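**Student:** Let the hints inform the model, and build the full structure from the sequences given.
Protein chains in written order, with this note's numbering: chain A, 1 to 113; chain B, 1001 to 1112.
Watch out, some of these pointers could steer you wrong.
Covered stretches of chain B (chain A as the covering partner; in silico rule of three or more C-beta atoms under 8 Å from a C-beta of chain A) [as the list claims (entries may be wrong)]: (1) 1042 to 1050; (2) 1100 to 1108.
Straight-line Cα separation of at most 25 Å, PhoX-like style, residue types lysine-lysine; simulated pairs [stated by the list, open to error]: (3) A/Lys3 - A/Lys105; (4) B/Lys1022 - B/Lys1041; (5) B/Lys1018 - B/Lys1052; (6) A/Lys3 - B/Lys1022; (7) B/Lys1052 - B/Lys1019; (8) B/Lys1019 - A/Lys105; (9) B/Lys1052 - B/Lys1022; (10) A/Lys52 - A/Lys105; (11) B/Lys1041 - A/Lys3; (12) A/Lys105 - B/Lys1041; (13) A/Lys69 - A/Lys52.
Negatives, chain B to chain A, calculated, CB over 10 Å [to be verified]: (14) Thr1002; (15) Pro1008; (16) Thr1016; (17) Asn1017; (18) Lys1018; (19) Glu1024; (20) Gly1028; (21) Gln1054; (22) Ser1059; (23) Pro1069; (24) Ser1072; (25) His1079.
Calculated directly from the structure, the hints in this document are not laboratory data. Note that the coordinates shown come from a computational prediction; the quantities given were computed from them, not determined experimentally. Just so you know, even glycine gets a beta-carbon here, dropped at the ideal spot from N, CA and C.
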Amino acid sequence: DAKTTQPTSMDCAEGRAANLPCNHSTISGNEYVYWYRQIHSQGPQYIIHGLKNNETNEMASLIITEDRKSSTLILPHATLRDTAVYYCIVRVLGNSGNTPLVFGKGTRLSVIA
Amino acid sequence: ETGVTQTPRHLVMGMTNKKSLKCEQHLGHNAMYWYKQSAKKPLELMFVYNFKEQTENNSVPSRFSPECPNSSHLFLHLHTLQPEDSALYLCASSPDRVETQYFGPGTRLLVL
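**Tutor:** Given below as structure tokens:
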């Protein structure tokens, strides 16, 4: 049970922002929102994660709603190399040890020239 | 380049063969993982090692045997596999308390 809901697929024009939504309405207070992506036939690549504040790094921005029931991953200027399956995952972080990543089906993003 | 390497990248084996997959991480992480990704299925966690000790076995058949001789290396020994075991096998590692996982490129396995 991946605990998240994402659209199956999305298209985005090259150079435009790609906004990938994720619903996680049953998220617990100590669960983080993680995003990974997987380019065809490669291993998943970590993108970003956050708890409740918006986060930004060199790859993307993560916007989490105030009630934390949904989030959006933003790729500000999508390129053809961003074509991949994007996974939104919620998981606990803490001193009790590692908790596994549970991957759902993700969103297949196609960036179109 | 994530700092996690896997060899071989591709492997074809018969059902009676014995082979091993190797994973090495150069990140100083203490936890390592094996995942399986079959066609059109989500990634499935197989094994977790933390400080060389196995902490999780996700009901994986005994024909898959993991080995973790040290925190930098992880093996998956394969014996009498079935065609349905054909998949992409992914290794990942993470620091001890901070659990962001970094994945290797995977080994694409075909069992004939």
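**Student:** Are 3 or more residues of the region 1100 to 1108 of chain B near chain A, judged by a Cβ distance of less than 8 Å?
**Tutor:** Three-residue rule met by the region 1100 to 1108 of chain B, so holds; n is 8.
**Student:** Given the hint that lysine 1052 of chain B pairs with lysine 1019 of chain B, does the C-alpha gap stay at or below 25 Å?
**Tutor:** holds, 21 Å
**Student:** With 10 Å as the threshold, tell me whether threonine 1016 of chain B passes as away from chain A on beta-carbon distances.
**Tutor:** holds, 27 Å
**Student:** Does lysine 52 of chain A lie within 25 Å of lysine 69 of chain A when you go C-alpha to C-alpha?
**Tutor:** holds, 10 Å
**Student:** Does lysine 1052 of chain B sit within 25 Å of lysine 1018 of chain B, going by the straight-line distance between their CA atoms?
**Tutor:** The hint holds at about 23 Å.
**Student:** Verify this label for me: asparagine 1017 of chain B is non-interface relative to chain A, using a Cβ-Cβ cutoff of 10 Å.
**Tutor:** Given that every Cβ of chain A is farther than 10 Å from that of asparagine 1017 of chain B, nearest at about 23 Å, it holds.
**Student:** With a cut-off of 25 Å on the C-alpha distance, tell me whether lysine 52 of chain A and lysine 105 of chain A pass.
**Tutor:** Distance ~24 Å between lysine 52 of chain A and lysine 105 of chain A Cα, so the pair holds.
**Student:** Would the least Cβ to Cβ distance between serine 1072 of chain B and chain A come out above 10 Å?
**Tutor:** Its Cβ never comes within 10 Å of chain A, the nearest being 17 Å, so this holds.
**Student:** With the threshold set at 25 Å, check whether the alpha-carbon distance from lysine 1052 of chain B to lysine 1022 of chain B stays at or below it.
**Tutor:** holds, 15 Å
**Student:** Tell me if the straight-line CA distance from lysine 1019 of chain B to lysine 105 of chain A falls inside 25 Å.
**Tutor:** violated, 30 Å
**Student:** Taking 25 Å as the top limit, are the C-alpha atoms of lysine 3 of chain A and lysine 1022 of chain B close enough?
**Tutor:** violated, 32 Å
**Student:** Within 25 Å, alpha carbon to alpha carbon, are lysine 1022 of chain B and lysine 1041 of chain B?
**Tutor:** Distance ~23 Å between lysine 1022 of chain B and lysine 1041 of chain B Cα, so the pair holds.
Comparing the model with each numbered hint stated earlier shows that hints 6, 8, 14 do not hold.
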